[in-house]
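> Using the sequences provided together with the hints, build the complete structure.
For the record, the sequence lines run as chains A and B.
Once you know that position 75 of the first sequence is 75 in the working numbering, the rest is easy, because the numbers rise by one and skip nothing.
Once you know that position 36 of the second sequence is 36 in the working numbering, the rest is easy, because the numbers rise by one and skip nothing.
Everything labelled a hint here was simulated from the structure, so no lab data went into it.
Don't take each hint at face value.
Stated by the list, open to error - Straight-line alpha carbon distances no greater than 25 Å define the calculated SDA-like cross-link-like pairs of lysine to any residue that follow:
| id | chain 1 | residue 1 | chain 2 | residue 2 |
| --- | --- | --- | --- | --- |
| 1 | A | LYS42 | B | GLY16 |
| 2 | B | LYS57 | B | THR22 |
| 3 | A | LYS68 | A | SER12 |
| 4 | B | LYS57 | B | PRO8 |
| 5 | B | LYS57 | A | THR24 |
| 6 | A | LYS22 | B | GLU102 |
| 7 | B | LYS71 | A | TYR32 |
| 8 | B | LYS69 | B | PRO96 |
| 9 | A | LYS58 | A | SER74 |
| 10 | A | LYS58 | A | ASN31 |
| 11 | A | LYS42 | B | THR20 |
| 12 | A | LYS71 | B | PRO96 |
| 13 | A | LYS42 | B | ASP59 |
| 14 | A | LYS42 | B | PRO39 |
| 15 | B | LYS65 | B | VAL54 |
| 16 | A | LYS37 | A | SER52 |
| 17 | A | LYS37 | B | VAL60 |
The residues making up each chain are set out below.
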Amino acid sequence: GENVEQHPSTLSVQEGDSAVIKCTYSDSASNYFPWYKQELGKGPQLIIDIRSNVGEKKDQRIAVTLNKTAKHFSLHITETQPEDSAVYFCAARNTGNQFYFGTGTSLTVIP
Amino acid sequence: EAQVTQNPRYLITVTGKKLTVTCSQNMNHEYMSWYRQDPGLGLRQIYYSMNVEVTDKGDVPEGYKVSRKEKRNFPLILESPSPNQTSLYFCASSFPTSGSGEQFFGPGTRLTVL
Chain A
1 GENVEQHPST
11 LSVQEGDSAV
21 IKCTYSDSAS
31 NYFPWYKQEL
41 GKGPQLIIDI
51 RSNVGEKKDQ
61 RIAVTLNKTA
71 KHFSLHITET
81 QPEDSAVYFC
91 AARNTGNQFY
101 FGTGTSLTVI
111 P
Chain B
1 EAQVTQNPRY
11 LITVTGKKLT
21 VTCSQNMNHE
31 YMSWYRQDPG
41 LGLRQIYYSM
51 NVEVTDKGDV
61 PEGYKVSRKE
71 KRNFPLILES
81 PSPNQTSLYF
91 CASSFPTSGS
101 GEQFFGPGTR
111 LTVL
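Structure below.
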């Protein structure tokens, strides 16, 4: 089955700096790649997603890039703010509609 | 308010005592899914359902059962819980793949099996 690896597991940045989280996947047929933010005590919430026919997508301070050839995708957060502190998960959906998640990145934005 | 609800939110039980965690969504989503979240392992999909009466195994289905008799409900059943099923469980729902694909997650159920 699919294998999604996520790095780094923890990330600390100064407020205003950028944060980048990277994921790789193994199934070249995977076609949908969402990113979720999970705050303490809550369920994951979608922050951005990208489909396999698109290379980049941006939503204000958040962007996702996808390299299908290399089978990796990345989350970019610019001008980080303290409220961006949370755990972030990448995921990949295969053609069978199964989802596989990365192991998460704990992001801390230092004021 | 559009939401996914789970009950109970917290449950402590003993090995072998059958339990059901309920999940309900009010967004008319076809796709529903159960995940378990364990430290260092991220979220792992247990079962998913593309529509009523259609269920499929995810990555870690052993020890779990599900049913989808109605579109809005997708209960998770543990017929004989064991301590290794102690975990945080999330239900999620979304429109099918032709739609946005965004999964909406419930608030989670923390299960402890003694």
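> Determine for every hint whether it applies to the structure shown.
These are the hints, each one checked on the structure:
At most 25 Å may separate the alpha-carbon atoms for a hinted pair to count; LYS42/A and GLY16/B exceed this at roughly 28 Å. With a CA separation close to 18 Å, the supplied pair LYS57/B and THR22/B stays within the 25 Å bound. Under the criterion of a C-alpha separation no larger than 25 Å, the hint pairing LYS68/A with SER12/A is inconsistent with the structure, at around 28 Å. Taking the CA atoms of LYS57/B and PRO8/B, the gap is near 23 Å; set against the 25 Å cutoff, the hint holds.
A C-alpha spacing of about 23 Å is found between LYS57/B and THR24/A, which places the hinted pair at or below 25 Å, so the restraint holds. A distance of roughly 20 Å separates the Cα atoms of LYS22/A and GLU102/B; the hinted pair therefore holds under the 25 Å criterion. Pair hint LYS71/B plus TYR32/A holds up; C-alpha atoms about 24 Å apart against a cutoff of 25 Å. A hinted pair counts as satisfied when its Cα atoms are at most 25 Å apart, and LYS69/B with PRO96/B qualifies at roughly 18 Å.
A C-alpha spacing of about 12 Å is found between LYS58/A and SER74/A, which places the hinted pair at or below 25 Å, so the restraint holds. About 18 Å separates the Cα atoms of LYS58/A and ASN31/A, which keeps this hinted pair within 25 Å; it holds. For the hint linking LYS42/A to THR20/B, the alpha-carbon distance of about 21 Å falls within 25 Å, and the restraint holds. At roughly 24 Å between alpha-carbon atoms, LYS71/A and PRO96/B fall within 25 Å of each other, so this suggested pair holds.
In summary, the hint linking LYS42/A to ASP59/B is supported, as the alpha carbons are separated by about 23 Å, within the 25 Å threshold. Restraint check for LYS42/A and PRO39/B: satisfied, since their Cα atoms lie roughly 15 Å apart, inside the 25 Å limit. Distance hint between LYS65/B and VAL54/B is fulfilled; the C-alpha atoms sit about 13 Å from each other, no more than 25 Å. At roughly 21 Å between alpha-carbon atoms, LYS37/A and SER52/A fall within 25 Å of each other, so this suggested pair holds.
Proximity of LYS37/A to VAL60/B is assessed by CA-CA distance (about 23 Å); at most 25 Å being required, the pair is judged to hold.
In summary, the numbered hints that this structure violates are 1, 3.
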